[in-house]
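Just so you know, we're using UniProt numbering here: the sequence shown kicks off at 1 and counts up by one.
Just so you know, not all the hints are guaranteed correct.
Below are the EDC-like pairs computed for lysine to aspartate or glutamate, each with C-alpha atoms no more than 16 angstroms apart in a straight line [what the hints assert, rightly or not]:
#	residue 1	residue 2
1	Lys-73	Asp-56
2	Lys-41	Glu-97
3	Lys-33	Glu-86
4	Lys-15	Glu-97
5	Lys-41	Glu-85
6	Lys-34	Glu-97
7	Lys-33	Glu-87
8	Lys-72	Glu-50
9	Lys-69	Glu-47
10	Lys-34	Glu-85
11	Lys-34	Glu-86
12	Lys-69	Glu-87
13	Lys-82	Glu-40
14	Lys-48	Glu-68
15	Lys-72	Asp-56
16	Lys-45	Glu-71
17	Lys-82	Glu-37
18	Lys-41	Glu-87
19	Lys-82	Glu-36
20	Lys-73	Glu-50
21	Lys-72	Glu-36
22	Lys-69	Asp-56
23	Lys-82	Asp-56
24	Lys-48	Glu-71
25	Lys-33	Glu-71
26	Lys-73	Glu-47
Pairwise CB distance ranges (calculated) [stated by the list, open to error]:
#	residue 1	residue 2	range
27	Ser-75	Ser-26	31 to 41 angstroms
28	Thr-2	Ser-75	32 to 42 angstroms
29	Gly-83	Val-25	19 to 29 angstroms
30	Pro-64	Cys-3	39 to 49 angstroms
31	Arg-21	Ser-75	50 to 60 angstroms
32	Ala-54	Lys-96	13 to 23 angstroms
Hints listed in this document are in silico derivations from the structure and should not be mistaken for laboratory results.
Glycine included, every Cβ here is placed at the ideal spot set by N, Cα and C.
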Amino acid sequence: MTCTIPGHSGRLSLKIEDSHRAEFVSRLQRLLKKSEERREKFQGKAEKYESIVARDRQEGKVKPHIIEKNEKKASQARGAAKGAEEEMMRLQVLLKEISA
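Construct the entire structure; sequences and hints are all you get.
Here's what the structure looks like:
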C-alpha cells in the first residue's frame, strides 16, 4: 500500500502484516469518525456565526468591528471544516486501498 506524506511530494510504501490489518483498519475507521465529527462541529460553528452576522446586519444595532469579528470566526470555522473534510477523503482513500 502506498500513501502520500502530508506536506511533501513523496509517497510512502507500507506493508501491513495480515495479523495487524484488522487493528490498522479499525484505527483508520476511528480516525475517519473523529474527522467526520470535527467537520460537523465546525460546520455548526460556522453556521452559528453566519446567522449571528446576518441577524446583526439586519438589526443594525451592533458595531461594525463586532460583525467583522464574527465573520472572521465563521471563516475560520469553515476552514477547519474544510481541513477535516480533506482528512476524511484521505482516510477513505487509504481504507479503499487496504480493502483492495
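Q. So which hints don't hold here, by number, going up?
A. 2, 6, 12, 21, 23, 25, 31, 32
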